[in-house]
Each structure stands twice: as C-alpha cells, then as structure tokens.
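Residue numbers (this note's numbering), protein chains in the order written: chain L, 1 to 262; chain C, 1 to 890; chain U, 1 to 224.
If you're looking for bench data, these hints aren't it; they were derived computationally from the structure.
Please note that a few of the clues may not be correct.
Stated by the list, open to error - If we take Cβ atoms under 7 Å as the criterion, some of the chain C residues that face chain L in the derived model are: (1) PRO26; (2) TRP781; (3) GLU784; (4) ASN805; (5) VAL821.
Here a beta-carbon is modelled for each residue, glycine too, at the ideal position from N, C-alpha and C.
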Amino acid sequence: MAKAILFDSTKCTACRGCQVACKQWNNLEAEETVNTGTYENPPDLSSRTWLKMRFIEPPDGDGKVWLFSRRACMHCTEAGCVKVCPTGAVYHHEEGFVAYNKDICSGCGYCVDACPFDVPRMVGSTLTGKKKMEKCVFCADRVANEEKPACVKTCPTGALIYGERTEMVDLAEQRVSKLAADGVDAQLYGKDELDGLHVLYVLAHSPKDYKLPVNPEVSPSVTLWQDILKVMGYAAVGAVAGGLLLNYMVARARMVKEKEGK
Amino acid sequence: MTNHWIDLRNSDCILIIGSNAAENHPISFKWVTAAMTRANNPAKLISVDPRFTRTSSKADIYAPIRSGTDIAFIGGMIRYILNDMQSLSRTERAEKYNLTYLTQYTNAALIIHSEFEGWKDPTHPGLFVGFTENTNPAPGNLGGYSKSKWGYADAGSPDTDAALLGNNWTNWSDLNPKCVLRLLWENYEDFTPEMVEKVTGCPQSTFEQVCEAYAATGAPGKAGTIMYAMGTTQHTYGTQNIRGYAILQLLLGNIGVAGGGINALRGTSNVQGSTDMCLLSHILPGYLSVVNHKLQTLEQYVDTVGRKGKAPVVPKGLAGDKSASWWWLSESAQNYKKYLVSLLKAWWMDNATEENDFCFNYLPKINAGQDADYTHIGTFEAVAKGIVKGMMVWGQNPAVGGPDAEGERKALEKLDWLMVTDLFETETAAFWYRDGADPGSIGTEVFLLPAACSYEKQGSISNSGRWAQWRYKALDPIGEAKSDLAIVDALVLKLKEKYAGETGPKADPINQLYWDYHTEGEYADEADPNKVALEIHGYYTKDVGDKKKGDLVTNFVSLATDGSTCSGNWLYSGMFTTDGRNKAKDRDPVDASLNQIGLYSGWSWCWPINRRIIYNRASVDLDGSPWDDIHPVIAYQEGSHNPATNTCKWLGDIADGGWSPIAVSKNDGKPAYLPFIMQNEGVAHIWGPGRAEGPLPVAYEPWESPLETNLVTGVPAQLDESPKGMPGFNDPCCYVGDLGGMNQRGRPNWEDPTNGFNCVGTTYRVSEHWQAGQMTRNHPWLIELQPQPIAEMGEELADDVGVKNGDIVKVVTARGSIEAVAVVTKRFRRMTIGDKQVDHVGVPWHWGYKGLSKGISPNGSSGNVLTPHVGDANTTIPEYKTFLCRVEKA
Amino acid sequence: MAHHEVERFSAGARLFHWTVTITAIVLAITGLFLWVPAFGSLAEDSYSRIIHRVAAVILVAAPLLFFISRPGRALHFVKYIFTWGKDDIEWLKAAPDYYFGGDEKKMPPQGEMNTGQKLWSLVAFLSVIGFVVSGAIMWFAKASIPAELFLWVTIIHDLCFIVSASMTLVHLYLGAIHPRMTESLKSMLKGKVSVEYAKHHHGKWYAEISKGKETDNKQAPSTH
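Only chain L is shown next, with the shape it has when bound in the complex (with noise of 0.2 Å):
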C-alpha cells in the first residue's frame, strides 16, 4: 500500500524541526551560511540538504501573511527521475515513494533535470564525473521498521504526518473543506499531481504562493527523450544491421554466381 507524508502548511509554524531531524537521521553535515535578509535558510537544497522550510512574505501583502512551505522531494508517481534513471538507483519503493539506491547511483545527473520540482542534488568532482546524487529518500529505512520518517517524527504541531496514502488523501480533503467552511481558500496540492504525490500539502492559498508549480508536469522532452528517441534508436541500429546482413547475403550469392559464370 502507498504511503505518503500530509503536509499542512495551516499547522507548520516554521521551528524548522524537521529540517534539523532530517540532517541528523541522515547525517548530513552542517552548510556554511549567511543571513541575506530573511529568516530562510540554507538557501537552497543541496547534496546536504534534502528538507528545507521556505518562509514567504507576500510582497504586495500587508504584512499579516507568513508563509511556511516544505521542500523536499515530493515522491511523484509519474517521476522524472525514475524514468531517466539508467542504473535504476532511482526507483518507486514498494509503498510508492521514490526510493534511491545510493551504492548504484551512477552520478549521470539525468534526474536532476527531469525533475519538474528540482529537488535532486548532485555531488562529486565535476572533473571527473564522479558523483553521488542525494535527495529525501522518505526516510526508508525507518520507513521499513515501521516508524515514520524522521521529520515526521520531530513535527510538534501535526503539521507533518505520515501514514497511508489513501487516509492521507481522506484527511486532507476533510482538512480543505473543514478550511474553506472558513473561508479560507484551502487547497490540496498532490492528490493528482503527476498521477499522485506521496508528499501531499494543504494548503490555505494557491500553490503559486507557496513557490509550488500549479500543474507540474514531467517535461515532453523527458518523453521525448526516453519514449521516442530510445526507440528510434533501437529501430535505426536494428534496421541497419538487417539492412547489412540482407545486403551481404545478397551481395555474396550475386558476386558468386558471378564469378561461376565467368
């Protein structure tokens, strides 16, 4: 059964628990930062940061709007990743999520661009090519000993929880509605996005607000790339090689019925 994590943007309260719990499950060394201005930070994911919180202050707002949004991989049922994936390192764990065998990740960092949320971070020497891709992998070892991903686990307020995907769905549906009862233009993003999020968010405004895409879409040219030119590739060598072996077989019995007749 799949499983997801429910991340509701009207409880968080930005302690940014998580984003330390998800460094200290995974081992995840400290970044050097600096204060630019904002509360936010690291900056951005990277190959030691999997999880972080945005805080958005909307910039015509009045003030009286404070944003906390997640970022993290959002475990795609239609996931880029997966698809480009040569080595299948990247892979869709039993119960759904977008699990990643580090030992076979080859460091291609195709995924890295096939994902429509920019999650995956590479790490290694750009010189050489050696290189490790990193992202949230949903935790799946506690996952598999049946305890909820570390930064579920640290939330104080229940705005991240973690169970399976079809309750999740449920309680977020009632959550929205409970919202919009007051007033409150809720939404939940995830639910058929790229054919199901594992990572589900209510949400009190539209994604957009949040630095969510409003329809994230695996790229036509990932399509392109793995449904139609992989094929044609296949098709094109396949071809010419009959094309070769015709013509040899061919070739020859003319050439010797020639020499016979000579």
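Following the hints, complete the assembly by docking chains C and U onto the known chain L.
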C-alpha cells in the same frame, strides 16, 4: 503555569501576548493547534505582538502593539468587559458572564479603605495614594508607597457590595464607591478603544475584535487562556502586566478551569524548578519568604510572615464563609512554620534543635536597600562597586544575557575571582580578553569548570506545567565534565574541609551543615540525585508514633513544627510514596481524568500533591458541579460529604483542599471554605494591594519612551528633576541602576534623528537559538539555520535610513551599539502613536563573541549591549523589551 | 609503386584512424551503459564516466593534433568532404545495385574517397562536433543551464549517437565484411592497396597518382 501544556487544547480562546510561543516554545503549539483544529467549537487564537511573528502567522486575529504598552491594551480589554457587563440587562449579564465566579470567588465585591484614592485624583495624577519619591541618588527604586490605604475597609472582615452580589445593579453608581469592581471601572474608564489605538498603535477595529473574541470566554463553561513569557515580564512594570492578565482572567472566570489560567511559558526546561527551589533571591525553597535582618528569631519570623502575614480575612456576605488560609490554617496547624522548620532540619538535621531555633540564624538575612540587592541587577551593581568580590556563574552567561551587557562585562573586571560552570567557554568566562579589554590590568582569576549537559546526568526537571519529571543519564560526561550536583557536592565537601575546626558566623553554618548524599555504586564519590530527591520529599528525623526515624513522610501534611520531620521543599513533599517510589519516574500514558481532559496524572508528578490545575475549586459552582461539563477538572461526588471532617470525595483532579463544596458544607452547618485556599481572604485578587506600584495596573510609559506625555494619564516625562529622575510617566517604583556611569536613559530627538533615539528597540529570541547561545551557537546545524545576528525593521524605517534587506546595520542606544544583518520586512509596521510616527527595531539577543557563530561587531553583537540596567518595581527583572535606539547603515 | 601496390594511407593517417576508432568504441560502450538498462549496473560508481571523459578528451585532442601537425592535409579533408559534385549524384544512383553485388562498371569513377566514404566522413565529422559540443555542456555547464535546455542537450548527444552508431555499423561492414571491399581493412592496417583495387574503387585518384603527380593530397585522411 496555573495549568499545564496539554490543557491548552481545552481552551476556547487562546490569547498569546508577550510571548512568541510558536518560535520559542514550539512544542506548546502542539496543543494550541489541537485546540484550533478540534472538531467541535475550535478555539480562536489571538496574537498580540509588536511584530508579526511565526505565532501571529497562525492566529485568527493579529493585534500589533507598541512594545511596552500591554497595560493599556489589557486595561482596554478590562474596560470593554466592564462596560459590557454594565450595559447588559441583568439576565443577559448572567448569561454572558459567570457572575457567581466573579462575585463569590474573587474580591470584586469587597469594599476598600475609605481613604483610598486612585491615579485620577488631581492631587497625585498618575499615582495612587501614599507615594514618596526616593531622593537617594544611589541606584534603587524611583519611589515607594505606603500601602496603608490600599487595604480592605475592614481589614479582618471586609464588607461586600450587596447589589453586586445580587446582580442587582444597572449603573456604576449603584455600587459602593469603594467596591472593587467599581474602583476597577474607574481605574480603566479612560482606556477606550480610541485611547488604546492612540497609545498602543493597535487599530481600534482589530482591538474590538480581540475584545469580542476574548470576552466570549466569560460565559460559564467557556474558557480562555493567556500564554505569556518574557515579553510580558521583562519590563519595569512586568509584574503589573501580569496583574492585568490576572484581573482579566478573574473577570471572565478563567482561573482554575480547564483551558484557562495564566500560563507563564518558561524560557528553559527547568525554570519552574529553579523558582520552586529558590534560585530567586527573595524566597527560600517552596516560596517561603527570605529572612529580613529585622527578624532575629524563628518566632519573630513565623509571627511576622506566618501568623500576621497569612492571617485569615473573613469577607462578609459571601456564600462561602472563609478561607482555609493554608499557610496558617490555625494556631494548631501552623503550616508556614512546619515548612520552614522541616527545611531547616533538612539543611542542618541533628544540629538543628528546638533549643537553637533549628539553626534559624544560619539562614542568610537580607537587608534590602542597605548593603546590596541580591537580584541580578542589584548583584551586578554591587560587583561594579566592588562590594561583591567573588562570583559563581552557573549555567548562565550574563556577558550576553545581562542587561547593559557591556556594563556588566566591565563590572566583572572588578572581581577578585570568577567561577564559570558551563559546557563551553562562554563570553562571561572570556570577558577578560574580549575586544577592548586590557587583560594586563584585569586582576580577576577565572575558573572554568566543565559541566555535564542534560543527557549526561540524571535528576528531575520541573516543566512549565509544574511536572517534575525524572530524567536518566544517557551517556557519561565528556572529559572532566561533571554534573552540577557533583560540582556542588565537591565544593561543599571542600568548604567543610577548609572550615574544619573553625567557629564563628561564617564557619558554623558550613560546619554544621548536614551533607550526606553519597551512596554505594555509581554515586560513591559524588552526590546521588535520588538521595537528594528523598530529602526534598522529606522523612522523619526521629521516631514518632508508628513512624520510625528515616521513614518517608506522606506529604507536606505530615510535616511538623517540632523538628521531627525534614523536607527540603514542602511543595515537593508528596513526590514519593511512603514506600519510596519516586513518582517523578512514573510513566503511565493513560489519561484517567474526567472526560479525558488530558491531565495524565499518572505521567510524572506535579506539585502540589499532583494537582494538575491549581485553583481548581474555582472550576465548580457552589454545589461542586463543573461550570464546563465537557472539560470538568473536578466534580463533587454526590452524597460523599463526610459531616465529621467536612470533606468529601472529589472526582477528577486532586481538588484544591478536600473540603466539601460551599453549598454542601453550608447545608450541613459546617464552615464553607472559599476556593482560593492560599489567599488570606479565600477569594482571588482582582484587587491586589501587595504590589509595589499599586493595587491595580496603571498604564506607565517604558523607561525609555518615544513620547513626551503619558497619553492615558496625562503625566509628562520628567527626566532631570531628581537624581534618578522623578517618576514622571514611568513606573514610579521601578529600579534604576547605574553601572559605572553608563547612561541608562536614552532620549528621543525628533528634530535630529541622527543624534537621538527615535526608534523603539526590543529584544527577543528565535526558534533556532537558545538563550545566550552557549549551546546553540556551538551547534553547526542550528548555526546553519540562523547564522548571524539580525536587526528586523519595517520597510518605512529602512527606506528612511537607506537600508536594504541584507545590509549590515548598526543599532545604537545610549549604552552602546551593535552590528547586525538588516531583515527588512512588512511584518514590522510603522505605527502612529499620538502625534508620532514610531518604528520598531527588533534584535535577537543570542549572539556574543565566543562560539562557532559570533556576532558581527567585536562586542559580539549581543542584543543586551543595547538594553538599560533598569528593572521591574517588584522583581527587578531587567527591562529587556523596550528601549530607544536608532539605526544607521554600517 | 612496385609490386602492384600503391600507398593509400600514410602511417600518420592510420594512427589517427585507429586512435579515433578505439576512442569512439570506448565512448560508445561507456555511453551505452547509460543507454541500455541491462548495462546500467556497469555504470555504477562513475568509473565508466571517467573512462568516457578520458576518451572524450582524446577524441577532441586527436583531430586537433592532426590539424596542428598536418594543417594542409586536414583542411584539404574538410574541404573535400564538403565538396559535392555530379559524380556524387551518379554514384548515389548507382551505389545500391553495386553494393548488392551488381556490375561495378556502372559505377562512376571515384576520387581518393568515394561518395559513400565522403558521406560517412561527413556524418562522422558532424557528429563528433555534435558530441563534443553537447558533451562539453553536459560536463561543465550542468549546474548553470536550465534543466529543460540540459534535457535537449542530452537529446542531441543521444541523437548524434543514434546517427553515428548506425553509420558506424555501415562503415564497419563495408570496411571489413562486404565481399567487394576486399582490401579496405588491409589498406587501413598496412597503408597500401593493390593497383587493381585502386583502379576499381578509386579510378580518378589512381589516374592522378599514376601520372606521377605526387602531391601531399594523395592520401586521404579519411577512414572508410
């Protein structure tokens, strides 16, 4: 906290004021969120703060206020409620407000001294009757009051207002002119919504929304709670701020009930425990009064603070007859004396005998105002003057956390020796080689003792909800680090060794001190916290009846005045069962409370005697039925009244005194005990004559105010009229220090903002760092989140001074300046206060010049470089939250 | 020109050819690790990428070195493969029948490279440029270009592979297997072909060199 963390979920309206709970008490929001998202009647959340915080982001109503104007805001709320009460019909009034609670459980109906005069009296504007200015130029309080005319009309047996008790009034003039509720109205009559907006900057419409939402919790069965923290207390009138909350809560019947209360969110995990155990200078363990030098014998002390200080007051005309007056139940049950004698026995054991007054004279005596004040501010003043020559700094970092921090750093230079016990070398330990100091000319010998952290030792901590929870050691301390207890133990044993053979006032208390905490095994060479805990709980010091010497007492009820028992802290007496089970170690996750209101009484233990919500007898009506059927704290079990003892069986929480409900006792012709058993009059104090600056809070201006006149009282600022400055519009009794001539008063200068201080500065914490930063500024994961000190300011101010988001700015006050990264945000808005445009600048105070994350300026960018060495009139807690400053581009 | 043989490829040209051949094969194989899922495990730990990049550097360096050492020859080659005439059209018309064992007399006479070889060289030349440019972007600019652009660059790299791999098969076949190209492989190994082979396959070229007009142009740097 009167209540506890989980209880927040039972609230109908949560008012967070003077606190940024979401950021600084993140776990509290588990329960705030639970209240706000429960299926039925979810709670409303109100956030009152100068700055739109992470707490505000979750609130239904956000009310901005100018820093330091809580009393005007709360006073306005009180006025709104009183005005509402008065204008409603009697029936509606009784539906909308819990009038039984108001009149029977508080002193609202009591009559005050006929010569009492309020602050509106033209002969002493802004002041209550009885004020005298303190003309002594030395650091100290601006002035003081004779409180003789603040008491009840008949001190022993005050009258009550019959019209109020009978809900038989329409206009204020129907009430006795000296009735508490009418005096309350007169005190706050001028705090109109217009006035609130003018003083606090909170838009009138927002303020009215707050009033309406919060006043709705006044209905019987509804509960509103107030969560406050240092934004409330750290003002020159911090105590009066809290008094304001208490009055508000009592008017609405919100004390003692589930989902109600006044909940102080403690800044560290064990602040409650440290207060309980007397880490404040005005109390002994268990809130017993510290000994004044005038009280030379045990009997004088007991007579003054116990027999006289806690003498019952019997109000006339109430349904209940009198207070149990727990501190001094009767001449035969002198609890105050029992608790003190048991404490003295715990400390001096067999050496404390009836003949030597149980070593009463070994207790240090204070001589307030004469030699030194032992509060934080007073101590540093004494250090600066060279009166105090040695100092132990324990789990504290005053070089970062103290007010006027650079002044306190300089004061440290006067010490002969300084001992710092901490996990890291702190700014305090390193003061002698800080930037600008000349190590060659500083004679202080500094000892740095490495301390174990909380995971490296066992013992109990008491959380904000008063739960004493035992924690176990997870791993051994690193290197030479030792637990605080082990360090104290070694220190005392060494002192005893050094004093051995000597006699005299210094040697005797140490030589005679009972100190025997080593046990076999792990604690063979250091004190065993389990043994210390047993002594705190208390045991028999000799055979009494069927009890043998060494048997544990049941709880504080077993303590005696004759020295037959010892207990290190009566409040914690009851933490063990008589067979030695430490209830602080209990971990029963089942909530067996009535209607599962979340008491979890089997999880750890809380004082007093595991009462999870104190004053809970106010949560039931005169018959003992809960006001709130959904969230009952206690309930009288029908028919359980025992005529012989006048007690009954209460269901639910441990009732505040086991006496039967008022109506039940009365029917039986027995004394009916009023619900607030620790108060002399048995009812709660809307009128609170014990505080320094008056029985009711009046709106004062902060020590450094951008205004020229108090907009409420009309009192002008008076800055230079007397040595410390006449009170003027400030708190008339606040404590004004003087750290070696540092200027403790900044002046606004609107004509030339480059030469004055026209912004209101405030300090606070962020989620990601903790206190003075010793632990968090040495932690890379946390530094990553908040790497540098910041100065938050609104866009209007930033535009004016030409600062952009992310620029380095300088924040300057009369004490000094710091550099920080500008965080320019709409979350701080310019306010119109009177005829002034006032901007705020907010500075987290965590940073210093040591650790992995240091400040930007060489002084560590410590926020407290900016704050003044002035303090609260009652507690001397420093004024950290409001000061004047200006911002410059660095 | 004794013993009925003529020199067709100089030692330098052959060295160049085989360097490029080996490099290209290495690149193709290491590239295929990421292309064919069954080979994916071979790409683990990035060793194949290191090899791929070393080979890529050689693939760039070899033509550059050739250009530096024999600039005239290199320019001639480039010019040659881009110069197409009537004979090429004729050749293309006649080629299918010829390569399927038809009458070789119908083939128009060819220069040092026949049209097919020119076509192959052109494909090889252009795809190397395609590989190098797209590969360089993938190597060095991954972090700095938009994801979508990167995907297109990858697609170009792969497209170059499909085209060049297909043509490589044809080239291998014609150079080493086709019953008619008996001396092609030999020529690239030893540098010489028989006079007869030269006449049949590169009539115009043979005519030129047999006139004694020995110029620097006589050897085609191209591979078959």
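Proposed interface contact between PRO26 (chain C) and chain L, which counts if any beta carbon pair is under 7 Å: 4 Å, holds
Interface hint compliance - GLU784 (chain C) to chain L, C-beta minimum distance less than 7 Å: 4 Å, holds
Satisfaction of the TRP781 (chain C) interface hint, Cβ to chain L closer than 7 Å: 5 Å, holds
Evaluation of the interface hint that places VAL821 (chain C) against chain L, nearest CB under 7 Å: 4 Å, holds
Hint status (Cβ of ASN805 (chain C) to nearest Cβ of chain L, threshold 7 Å): 3 Å, holds
Violated hints: none; the structure is consistent with every hint.
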